[in-house]
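Number of protein chains: 2
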Amino acid sequence: MGRPSIREKIVEAALDRFHLLGYNACGVQEIVESAGALKGSFYNHFKSKEAMAVEAIERYGQSVGLDILMDETRDPVQRLRDHVDFLVTRLVHHDFERGCLIGSLGNELSHSAPLVREAVERALDQWTELVEKALREAQRDGRLASGLDPARTARFLVNAWQGAVLRMKVVKNREPLDDFLEVTFRSILR
Amino acid sequence: MGRPSIREKIVEAALDRFHLLGYNACGVQEIVESAGALKGSFYNHFKSKEAMAVEAIERYGQSVGLDILMDETRDPVQRLRDHVDFLVTRLVHHDFERGCLIGSLGNELSHSAPLVREAVERALDQWTELVEKALREAQRDGRLASGLDPARTARFLVNAWQGAVLRMKVVKNREPLDDFLEVTFRSILR
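Protein chains in written order, with the UniProt record's numbering: chain A, 1 to 190; chain B, 1 to 190.
These are computed hints drawn from the structure, not numbers from a lab. Any given hint might turn out to be false.
Derived DSSO-like pairs: lysine-lysine, alpha-carbon spacing no greater than 30 Å straight-line [as the list claims (entries may be wrong)]:
1. A:LYS49 / B:LYS133
2. B:LYS172 / A:LYS47
3. A:LYS39 / A:LYS9
4. A:LYS172 / B:LYS39
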């Protein structure tokens, strides 16, 4: 692998700044400078700030441990648990100052930035689909609470996780994440 | 009741703009003008934009149907259900373009605006406490899934609701709200 291109460095810097501060709290110039790129070179690389945010979301989506969910050789409940544990470890590592970039930008921009809204929708759909597959397997093994539909429950869990991460950012401790784990793995999955 | 004061009008306008666009996407001047106040009069009324946001959150908190949860003469599961139905009706009324101001500002500002973070924490705690009371009653009636702690489950549900509202803003339909209702009232409460 060669050195990252200027373009890649800008996407990385955007991901980092948006993740910590949100989208509207930081400007294109700040991002370009923190990437070590030349002032004014931004539009050589991206059509718009929004287009850059879409790439940041896509890059971030590759880092949320979906590979753990994809490993269908493993027990479905255990791989859901391991996936969440992976995410918890990262949130703790960042001292609860960074949540989920996908959820944060979805929250901030769904009304005003249609390209970002679409990228967030795609990312959440991909995530949900993998959770749904694991829930279908769990259901076959009799480990999904009776009466629950795997597709609906998958959406519910991905959303509940986003809400847990949101509350974590507010309270700045892991209690909301533990609440998610306890309630999910007691009442929805066994 | 007299006419709303300029100060009240500014808080209302801030609530309206922050609810639709978020905090960093709209400026103090835009809010003051949309309240019909004189340009430049803002700092006669508020110490800062952040202090105004705290008041907007407190005002918004009075409109989320907590009175429905407070009515302890009524069946606890039914009043939880009615409370959520009340919120769903309002989200539908706004064509899914506005989520929950408390969650939105918590998500956007927990890192950068400590007074807002505290106001969001207070609002979510108050909400959670009322849900917890209803869950304790439901548990006495044998209607809370076995093995669940009411305090933890109350936090989980308030957070899961925030996540459902976030996804609703992204997909712009009521599916995430229905997912919340179905899974909650099948697996957690009966």
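Comparing the hints with the structure gives:
no., hint, result
1, A:LYS49 / B:LYS133, "46 Å, violated"
2, B:LYS172 / A:LYS47, "26 Å, holds"
3, A:LYS39 / A:LYS9, "14 Å, holds"
4, A:LYS172 / B:LYS39, "37 Å, violated"
When held up to the earlier numbered hints, the structure conflicts with 1 and 4 and fits the remainder.
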